[in-house]
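Given next are the chains, with one letter for each unit.
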Amino acid sequence: MTPPTPSAAAPLEVTDESAEKSTPSDVPKVSEGRSPGRLAWNRFKRDRTGVMSACIVGFFFVIAVAAPLIAKLYGKDPYTTYASERPELLNPFAYPSGPNGGMSSEFWFGIEPQLGRDVFTFLLYAIRNSLGIALAATVLTVVLGVVIGTTAGYLGGKTDYLVGRVIDILLSFPSTLFFIAFMPVVFGLFVAPDEEIPTWLRATALIIVLAAFGWASIARLLRGQVLGLREREFVEAAKVTGASPGRIVFKELLPNLWTPIIIQTTLMLPAYVTAEAGLAFLGVGMIDPTPDWGVMIARGASFYTEDLTFMLFPGLAMVIFVLAFNLLGDSVRDALDPKSKR
Amino acid sequence: MFRFLVRRVIGAMVILLIISAITFWLFYAVPRDPAMMSCGKNCTPENLAQIRKNLGIDHSIPVQYWYWLKGVFVGRDYAGYGYCDAPCFGYSFANNVPVFDTIMDRLPTTLSLAFGAAAVFLVLGVGAGMLAALKQGKFLDKFASSASLLGSSLQIYFVGYIAMYYFVAQLGWLDQPSWTPFSDDPVAWFSGLLLPWLVLAIIFTANYTRMTRSQLVEQLSEDYVRTARAKGLSRSNVFFRFAWRGAMGPIVTVFGIDLGTLIGGAIITEQTFSLPGIGRLAVKSVDQSDLPMLLGVTLLAAGAIVFFNIIVDAVYALIDPRIRLA
Chain A
1 MTPPTPSAAA PLEVTDESAE KSTPSDVPKV SEGRSPGRLA WNRFKRDRTG VMSACIVGFF
61 FVIAVAAPLI AKLYGKDPYT TYASERPELL NPFAYPSGPN GGMSSEFWFG IEPQLGRDVF
121 TFLLYAIRNS LGIALAATVL TVVLGVVIGT TAGYLGGKTD YLVGRVIDIL LSFPSTLFFI
181 AFMPVVFGLF VAPDEEIPTW LRATALIIVL AAFGWASIAR LLRGQVLGLR EREFVEAAKV
241 TGASPGRIVF KELLPNLWTP IIIQTTLMLP AYVTAEAGLA FLGVGMIDPT PDWGVMIARG
301 ASFYTEDLTF MLFPGLAMVI FVLAFNLLGD SVRDALDPKS KR
Chain B
1 MFRFLVRRVI GAMVILLIIS AITFWLFYAV PRDPAMMSCG KNCTPENLAQ IRKNLGIDHS
61 IPVQYWYWLK GVFVGRDYAG YGYCDAPCFG YSFANNVPVF DTIMDRLPTT LSLAFGAAAV
121 FLVLGVGAGM LAALKQGKFL DKFASSASLL GSSLQIYFVG YIAMYYFVAQ LGWLDQPSWT
181 PFSDDPVAWF SGLLLPWLVL AIIFTANYTR MTRSQLVEQL SEDYVRTARA KGLSRSNVFF
241 RFAWRGAMGP IVTVFGIDLG TLIGGAIITE QTFSLPGIGR LAVKSVDQSD LPMLLGVTLL
301 AAGAIVFFNI IVDAVYALID PRIRLA
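Protein sequences, first through last, are from chains A and B. For the first sequence, the positions run 1 to 342 when full-length UniProt numbering is used. For the second sequence, the positions run 1 to 326 when full-length UniProt numbering is used.
Same shape as in the complex, but just chain B (with noise of 0.2 angstroms):
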């Protein structure tokens, strides 16, 4: 266990290497000089270049790149804003606000809409599909199956508004989707977060329903769940402890993708319901050529994909002891 762990964590920093290199060399693929934006209309060359050495953008772009690296790792010197420590992502071009710090702020709202959403569609997607797997070919069944397929084929942000109109403006049973820290109120947080998990469950209930219920009428059909019944175990516990164990594997593992996705930032949820996340960071960084604070969010969004892919291998070989972590 503890060699896979190791050898997993070094592949999953060669792959965040690689892809802030990619990210690096995408951003300057594009001729365009963030200088050029802090300095206004009344530029001249020395003002310029004098942005460009408070930036740390004064090198060529792979001697900027290590320092970058640099930064992240044992810290690194600005001309700007002076030392900065490890882990040092840089400073915003857009306002000049370090990014670990924006990210920091951000990452609460991200994690609890990931989180809770996560939670309502783990539960209602695999009880719905328990449920169904239960019930084979009767009425809840059909049910549970066509109301999944209705909610797989429907769009956030097409839902997200319908949702809005009619509970928050309409019938004014939920509120304005918002954004409060838990600490300060956990009552305005829960209202405010509500709707966006309720929403962000319909769609995904629909996958882990499905899902749920083909692992186990395919399990329940097995030799050894039969076996199981035929030594006179109950049915409760053949379902839960044999047949479920065994039709786990699959959802871990789509379970953790989408974890994954969610952290790294839901972006269409955020922008559809206006909260401020990580998502929302992203797309102003994109439209703000702000490469420091586009490359921490793209760190933390493919670091939670890889992080929760470990995770779920790790999980798997706990469910299922045939599958050795080499």
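Chain A extracted, bound-state conformation (with noise of 0.2 angstroms):
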């Protein structure tokens, strides 16, 4: 993949669009420059399928960092287990008295069996922590692949031997056997063997695990990257006029690596949010009183054959996360890189 040239691309575009405006009086409009991310935007901006996509990721992101607010013009909270206050609502069984779960406009996703929370503001907060944590996760994960692949990429010799045989083992890793294994040993890094674990180091020790085993694919990309572009003329220049190693890493070489940066970072986010809550689900991840995409999932697996109601709402929600994310993922790889074919 090159590097998007905006000289090429650039005039072709305005001639374009300028065409289709001018009308027969018009004087041609002097044409005025776009850089590559304006040029993007527009492309973006025509493709409805992206466009409303992206509305749909946007609300997820609004009602997780929203979900206090909500939570309190709702008047209910994820922790109150209010079966206990009031019996009724649920049957002899634990389970909601009410059809579909006990949906009712005052429960409006219905009850939690058993133990009776609230499951609206349960996923509300459910959403909110695991997309906090995925997010992180992405972050870090992005910044360390980056910085790592590009310096291997652009010392070469012996640090990218080193790197490279690196990234071989990390990739050869049963990626889910080791964030099963490696979460126990994070925890031991902070706390005693009997001492509970405090909630925040269970979602501190998921970002760290899920980026020191994600960082390498991204890394492996970018070096690839990086190998391409350092023979070339632009960072020659930059060496004779003495610029230091970090500065034509990170000014000269970064700006041209966006592209690659931004199409997995797209991809990389969805795939955090199904993980994290499939080491949940499994049980390694967050746990039950903290609300969670898979603690939710877990919970109403033991008891789907009564109540799949509860499972349904959680369920459905990380779908349509994942699935508008991916769409969205592929509006934005086609607007940044629109030479490529899916």
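Rather than coming from a laboratory, the hints here were simulated on the basis of the structure. If a hint is listed, it holds; no wrong ones were tucked in.
Derived BS3-like pairs: lysine-lysine, alpha-carbon spacing no greater than 30 angstroms straight-line:
| # | chain 1 | residue 1 | chain 2 | residue 2 |
| --- | --- | --- | --- | --- |
| 1 | A | 251 | A | 45 |
| 2 | B | 135 | B | 231 |
| 3 | B | 142 | A | 45 |
| 4 | A | 239 | A | 251 |
| 5 | B | 138 | A | 45 |
| 6 | B | 138 | B | 231 |
| 7 | B | 284 | B | 53 |
| 8 | B | 70 | B | 284 |
| 9 | A | 45 | B | 135 |
All values derive from a computational prediction rather than experimental measurement.
Using the hints, put the two chains back together into the complex; each one sits in its own frame.
Written out as structure tokens, the structure reads:
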């Protein structure tokens, strides 16, 4: 893949546009230069699927950020077991007494079986927590991958060889297995074995573990790109003018790598959302009283034959989010790299 | 070809060696004493020391690792269990059975799950992708593309339960997923695994449909395909012998990776369908701080990934003679 070449693409696009707009009486406007980012944005705006999925993804992030506010307006919280104050909410078998998982005007998404928490606020906070963890892990992974990948590619030689081998090994690791095996180790670094693990530590450990195994693929990709770029004239020129390696990597090379970085990021975030939920589902990620997408699905799994409704909400929400994010990712890719074929 | 294989196998051994060493180190990075677990309540220091000796953990960590390695290649002597022939992966801390036997016991489940699902999703995915590429822009293409987009956004821990709810609990069309050895009862083996295969297939098929379609679309617009058509070869001949051969490479690569990952433990799948395979063994061994078992499972999982990588590279060269193995 070649880096975007604004000099070739920009004038073409501009003449195109001005030809469309110009009426016979009009003097052709002075063609203004447009940055590649601007061009990509224009392409993205024309993609209806992309804009729609961006709205859905945006909606998820908005409710994640505004969860406390929404819960306040709604008047409930995800921790209170409403059934213990009002036993009539659950039937004698500890399942919601109302139809459809106890959905009502008071409890919009119904009542959780057994404990009797409010499903709506639990889901709100679950989305908030899961997205927060996945986002933090993505940011950390991308930063690690970019720094290691570009540095290795630029320096070459022994550093590159060493980093290359580390990446090879990391990529042959069975990742889910190592997430599971690594979590207790990270806990062990911070708390004594018999102490209770605080929630913030669980979240931090998840972020660290996800990033520790995730950076390799993005680093490998960028390393390859940098290997091609570093032979180009502008790097030579920078070197001749006496720029430091750090400057060359971050000021000269990095701007040429934004496209693959953004594309990788859009692939990574939904993958991390599902991975984080998967770990919670297996019981090694976040655990019960903390609202979390995977915790909710694991809870739902324990009584899915009796009350499927409880599981449908987190499950469908996740499918919608991941689907919208995948579509958004495709559109972003098309916008940034119009030559690529899917 | 031979030199390529030798080189790659040596490389794979090195990677497995490093992975086992990292697992070993990771395990002991947390302060824990496996002897304490099997010692029970009335634990005297003498008992503890004896158990440590029996389990073979009365040495420093590097020495323990050395003994473990020795066990794998030439066998080793256990104070508690006597001599253990190579390949000796040790005895489980949790229930004192040989690790090798336990893994061999669990492996058929995981292999059946992986290969069965792989057969389904490969046929469905490639077939749908081919149809989509042939009917570019038509209804069938759009349908296959949207279905594959939806499929790739599903998660096994959600779809699995939904499928079990509707097809097993409500409609009763399929059997509750379970494991019966093929040699015991082939019908029960098949019906117990059918649902997991189908659910795994739904999720994996998507990727293959998308990839097959885009690869074929690209290949079909190449000059060599037009030339083949122009010199009068039949449509199907051109499609399968020319375009498809050119399109296969990336699909083989991804298939190898997927198969390796599945064999290394479809952990979430096995958990969802309560199948007693390698994946659940792995989760259990982490829960019980069972180092020998964890090491065995990790090596198997990493080994599967590395093995299929080599296979993929070799197959790649067979498909595309332009690639020279060196």
